[in-house]
Amino acid sequence: MVLEVALIDVTPGHEDDFAAAYARGHEILAGTPGCRSVRMTRGVESPTRFVLLVEWDSVAAHEENFRETERFQQWRALIGPHFAGPPLVEHFVDVPA
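Residue numbers (UniProt numbering): 1 to 97.
It is possible that some hints are incorrect.
Unchecked claim - Label pairs and their computed distance ranges (CB to CB):
1) L3 / R76: 34 to 44 Å
2) A97 / T11: 17 to 27 Å
3) E70 / V95: 16 to 26 Å
4) R76 / R42: 16 to 26 Å
5) A97 / A20: 36 to 46 Å
Keep in mind the hints are simulated off the structure, nothing from the lab.
A virtual CB, placed ideally from N, CA and C, is assigned to each residue, including glycine.
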């Protein structure tokens, strides 16, 4: 399992519209084969900053099943107009205790 972390800065004044767009598009992302869970959080100190957390079966599941498909185009059309700049996206794996 890998965790995709996307740091998204939203144009000031677009926070509620971005959250509504995320709600409309949630199932596009969550219904992707290989997607285990999706969660969006919002900054307390920085309310225009959102963090998207997505658990995938693998990096390949994210890239091949989502990023390279029409799903991604639909998702980005909903949320992209609210971006202040390109999101910072990275993948992470758990560190054993």
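Hints versus structure:
1. Separated by about 20 Å at the C-beta atoms, L3 and R76 break the suggested range of 34 to 44 Å.
2. Look at A97 against T11: about 40 Å separates their beta carbons, and that is not inside 17 to 27 Å.
3. A beta carbon spacing of about 35 Å between E70 and V95 contradicts the range 16 to 26 Å that was offered as a hint.
4. A hinted range of 16 to 26 Å for the beta carbons of R76 and R42 is consistent with their spacing of about 19 Å.
5. Checked against the given bound of 36 to 46 Å, the beta carbons of A97 and A20, roughly 39 Å apart, stay inside it.
Of the numbered hints given earlier, the model fails hints 1, 2, 3; all others are met.
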